[in-house]
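Protein chains in written order, with the numbering used here: chain A, 1 to 315; chain B, 1001 to 1646.
Don't read these hints as lab results, they were simulated from the structure.
Don't take every hint at face value.
[Said to hold, decoys possible] Taking lysine to aspartate or glutamate and the EDC-like style, the derived pairs with C-alpha atoms no more than 20 Å apart in a straight line are:
1) Lys206/A with Asp1395/B
2) Lys158/A with Asp1406/B
3) Lys203/A with Asp1395/B
4) Lys275/A with Glu296/A
5) Lys1233/B with Asp1175/B
6) Lys242/A with Asp1613/B
7) Lys107/A with Asp1072/B
8) Lys205/A with Asp1395/B
9) Lys37/A with Asp259/A
10) Lys273/A with Glu253/A
11) Lys292/A with Asp1406/B
12) Lys37/A with Glu61/A
13) Lys203/A with Asp1377/B
14) Lys221/A with Asp1300/B
15) Lys107/A with Asp1065/B
16) Lys301/A with Glu1370/B
17) Lys180/A with Asp239/A
[As the list claims (entries may be wrong)] Derived Cβ-Cβ restraints for the label pairs, each shown as a range:
18) Asp136/A with Ile1368/B: 42 to 52 Å
19) Glu61/A with Met1174/B: 48 to 58 Å
20) Ala1347/B with Lys203/A: 37 to 47 Å
21) Ser315/A with Leu1163/B: 56 to 66 Å
[Stated by the list, open to error] Some, not all, of what chain A presents toward chain B, calculated at C-beta under 10 Å:
22) Ser28
23) Pro29
24) Val71
25) Val76
26) Ala81
27) Ser83
28) Arg86
29) Lys107
30) Thr109
31) Ala188
32) Gly189
33) Thr196
34) Asn282
35) Asp290
36) Lys292
Glycine included, every Cβ here is placed at the ideal spot set by N, Cα and C.
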Amino acid sequence: MRVRMTAAAAGLVLLTGCGAADMTKQASPFANAQGAKTVTLSVQSWVGAQANVAVAQYILEHELGYRVDTVQVDEVPAWDALSQGRVDAILEDWGHPEQEQRYVDDKKTIARGGDLGVTGHIGWYVPTYFAQQHPDVTDWKNLDKYAPLFRTAESGGKGQLMDGSPSYVTNDKALVKNLKLDYQVVFAGSEAAQITQIRQFAKEKKPFLTYWYAPQWLFKKVPMTEVKLPPYKEGCDADPEKVACGYPHTPLEKYLNADFARTGGRAAAFLRKFKWTTEDQNEVSLMIADQKLTPEEAAKKWVDSHESTWRAWLS
Amino acid sequence: MATITAPALRVTVPGFLKHRAVHKLLALALAAAVLVPIAHAHWPGTTWPDALTIDLSDPLTRVSDWIIDNRDSHPLFLYFFGHISNAVVLSVRAVYLVLLGLGWAGVTALGALVAWRVAGPRLAVGTAVAFLTCGLLGMWVPTMQTLALMVVAVLASVAVGALLGLAAGLSDRMDRALRPVLDTMQVLPAFAYLLPVVLVFGIGVPAAVLATVVYAAPPMARLTSLGLRGADKEVLEAVESLGATARQRLLTARIPLARKELLLGLNQTIMMALSMAVIASVIGGGGLGDRVYQALASVDVGAALTAGIPIVLLAVVLDRVTAAAGRGTGESRRTRGTYALLAATAAVAVLGRLTGRLDWPETWTLGIAEPVNRAVDWMTEHLYSGVPVVGGTADWAAHFTTWVLDPLRDGLQWLPWWSVLLLVAALAWLIGTWRTALTAVLAMAAIGVLGVWQPSLDTLSQVLAAVAVTLVLGFATGVAAARNERFERLLRPVLDVFQTMPQFVYLIPVVALFGVGRAPAVAAAVVYALPAVVRITTQGLRQVDAAALESARSLGATGGQQLRQVQLPLARPALLLAVNQGVVLVLAVVIIGGLVGGGALGYDVVFGLAQGDLATGLVAGAAIVCLGLMLDRVTQPADRRAKKGA
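Please take these sequences and the hints and turn them into a complete structure.
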């Protein structure tokens, strides 16, 4: 018995190697099973990101013969997972300068993957039917005047500014405080919950004020108008506590794990070249979110009708 | 019915207790009279005074940054945590590859044959059907991922738990040291375990497995120790008189005698591991839980159900098979049976490999997501709001929020902080001992010191509302079941299924019915805690001395009088236990409710994980631990210690 135990212990030591074990170099245990070449993509919770991943997955599987795993990781932890190689690529990043500095420039564990081709913009929005009745609501200075109209059960006597998922890029709490607005930020908990709420408000033509972003397919269903916040200037959002300006227009970026970028072969090359337009993304997003197609079906439809676009990514 | 139970409880406190209760209250009032004016003079206001808080976010952020920066260079990580993480990855991968190598037919055959060996043909068929359903739903690969994670986590939990249990079972000192720790671990919500492991190991499978081990090992340790201690003294003496050494005694007498407890421990460990393995999807555990998590993020009830059904099936099958093993059927012909089993599995696996059918064939899947979503859409259109007379589910949720949750939360937050502490002390002391009262007050004070007083009271208000609903429903159902044999027989399988389901699964239907917010979180908590409360209440009422009931009946008491004046007072310990269990279970789910808009502490944990802001998450996690501790101690009957583990 003792001999067997010693042998087992020795085997374990051999297996793990007596030396150092760098846990930042350990891939997911589910990757590359049975010799299949696997790519793990991080899919964020908004539909636009699902559209990117669905199309990339479809082409990787059907044109390049990879097996694709998708993992839902929130934005900031996804950077950590990407750096550790547990995820191979993020296809749509909305700007995380702190993480970019740490992982791309300092530690060099993440490589830039180029533009996605879509420019994103975050802002505060009111429904267009409300903005037409009260045109002056589109300036933040007049928001307090309308606060009583935006009141709900969860906002406790103040106007409600609806935010979606806690994981999204947002300065709204600081903005409300620093602009001294009579509003309360209420998190719906997830984007889907926020969309459900917006649609219910819109159905009853009620006023609401919400954190929202473009490109987004919902604009096609519920037209919304942006409220002008103090204009964005380079560096005005440097201190998250003291932000008092609106959000920038961000060209969305792709990021690859540095090792994957070097050794990922055709998959890595393809993901670097993957670049489409806002219209393309919205087309796939609408199919997923509004027509309730599965991401795979939506991707197939898009791929079948846009061969010239994606052929260029494979060359 | 249930409205009667509450006053009946208070009225019938035995006389001597009433005196002690008065003494305790007097002592507290005295302490309050001295301390409150001082506290009030120094720190006026209702919320916890700022002067008494410690801001941990800066040091915690620094620690978290340091860990991320040094994870690939510091020796502690390279030579210790790195190896642990590596071992986890390698073993999960090995199990996963074996499962994939067996193919779907091989795994199904293996599962069914194992179930046949330990539990008979009926469960074997059930196991096979369960596995095939997983495949049919298109969830084969995620199911195998969860299974691989589970196998590794359960083996590790059993090893760790058995070692700790052995130590506690053989040494009194170890027992005294371990018991309070294990007791406390048992009452903590699963969510609180996630953050510390993420801090060290980062998002991913290693962190998920380790959190699962920490969560699932305590029941094994506790029951191992219990089994070893409970061994028949006479048998042990007989073995000793035969001249056996200590080690022989342990191996030939004590461990075999504890077989039943050991298998019960295994059963509990497996169920808790499954529950945690699913929740661990929040920290990148992958598998079925991840599918549920993804679907919840997009409120896609159909997709959530598609992944939820395999979880439920796994839970039921694992529970039944391990429970049957505990009862000890199919003992004989062990070795020959094992070989036959291995041979049969190998044959099926080889057959699968030869025919090239290792992966579940894509054409054999059944998409239930779409019809389910259509049903949910129909429900939201027709049941959600504006139903004549009764109102819709969304209206109920809104009313519950405005009329119950809001006043409760505002009321708690309106109370001065010292009065909350006093209330906690009074309740805990009345139900338990001065020791439980002290722990409860200290835990509550710690919440204030951590600077999360307000969100904690928000969570507390949700817990209180959920517990109240749970107790009303649970006691009513329990009383009905205790009085009506047939009703209980109908109820039992339902309770069995509900009690084995992982907490995560409950979030799916409530989102479909009530949307998002605090009300669905409370609803999920009620459904989760109800079975335990019903069961304990029924058992408590059943165990009431038959002679006492008989004499009451001979005195001409009606059914209602018997219940009020004999059964309920005599079942008081069981009812208190039901309250205690209810509180602990409700807290666990209210916290997870942060994923569906529950807000407060659960939201802080989700936020901390989502934004990589571990400081916020860890502080909230610590507050959850304190809240759990406080709630458990407040409702802990003085004599629970003797009863626990029975």
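Here is what the structure says about each hint:
1. Lys206/A with Asp1395/B: holds, 17 Å
2. Lys158/A with Asp1406/B: holds, 15 Å
3. Lys203/A with Asp1395/B: holds, 16 Å
4. Lys275/A with Glu296/A: Distance of about 19 Å is within 20 Å: holds.
5. Lys1233/B with Asp1175/B: holds, 19 Å
6. Lys242/A with Asp1613/B: With a Cα-Cα distance of about 18 Å, the restraint between Lys242/A and Asp1613/B holds, given a limit of 20 Å.
7. Lys107/A with Asp1072/B: holds, 10 Å
8. Lys205/A with Asp1395/B: Holds, because 19 Å separates the two Cα atoms, which is no more than 20 Å.
9. Lys37/A with Asp259/A: holds, 15 Å
10. Lys273/A with Glu253/A: holds, 12 Å
11. Lys292/A with Asp1406/B: violated, 36 Å
12. Lys37/A with Glu61/A: holds, 10 Å
13. Lys203/A with Asp1377/B: holds, 15 Å
14. Lys221/A with Asp1300/B: Given pair Lys221/A, Asp1300/B holds - Cα atoms ~19 Å apart, limit 20 Å.
15. Lys107/A with Asp1065/B: holds, 13 Å
16. Lys301/A with Glu1370/B: holds, 18 Å
17. Lys180/A with Asp239/A: holds, 17 Å
18. Asp136/A with Ile1368/B: 42 to 52 Å: Hint holds: Cβ distance 50 Å, inside 42 to 52 Å.
19. Glu61/A with Met1174/B: 48 to 58 Å: Holds, since Glu61/A and Met1174/B (Cβ atoms, about 54 Å apart) stay within the stated range.
20. Ala1347/B with Lys203/A: 37 to 47 Å: violated, 60 Å
21. Ser315/A with Leu1163/B: 56 to 66 Å: holds, 59 Å
22. Ser28: Cβ of Ser28/A sits 6 Å from chain B, so the hint holds.
23. Pro29: With Cβ-Cβ at 4 Å, under 10 Å, it holds.
24. Val71: holds, 6 Å
25. Val76: holds, 3 Å
26. Ala81: Holds - the Cβ of Ala81/A comes within 10 Å of chain B, reaching about 5 Å at its closest.
27. Ser83: At about 9 Å, which falls below the 10 Å cut-off, the nearest Cβ of chain B leaves the hint on Ser83/A intact, so it holds.
28. Arg86: holds, 5 Å
29. Lys107: Holds: closest Cβ of chain B sits about 8 Å from Lys107/A, inside 10 Å.
30. Thr109: holds, 8 Å
31. Ala188: holds, 6 Å
32. Gly189: With a closest approach of 3 Å, the Gly189/A hint holds.
33. Thr196: holds, 6 Å
34. Asn282: violated, 17 Å
35. Asp290: For Asp290/A, the interface hint is violated, since the closest Cβ of chain B sits about 13 Å away, which is over 10 Å.
36. Lys292: Status holds, d = 7 Å.
In the structure shown, a violation is registered for the earlier hints numbered 11, 20, 34 and 35, in ascending order.
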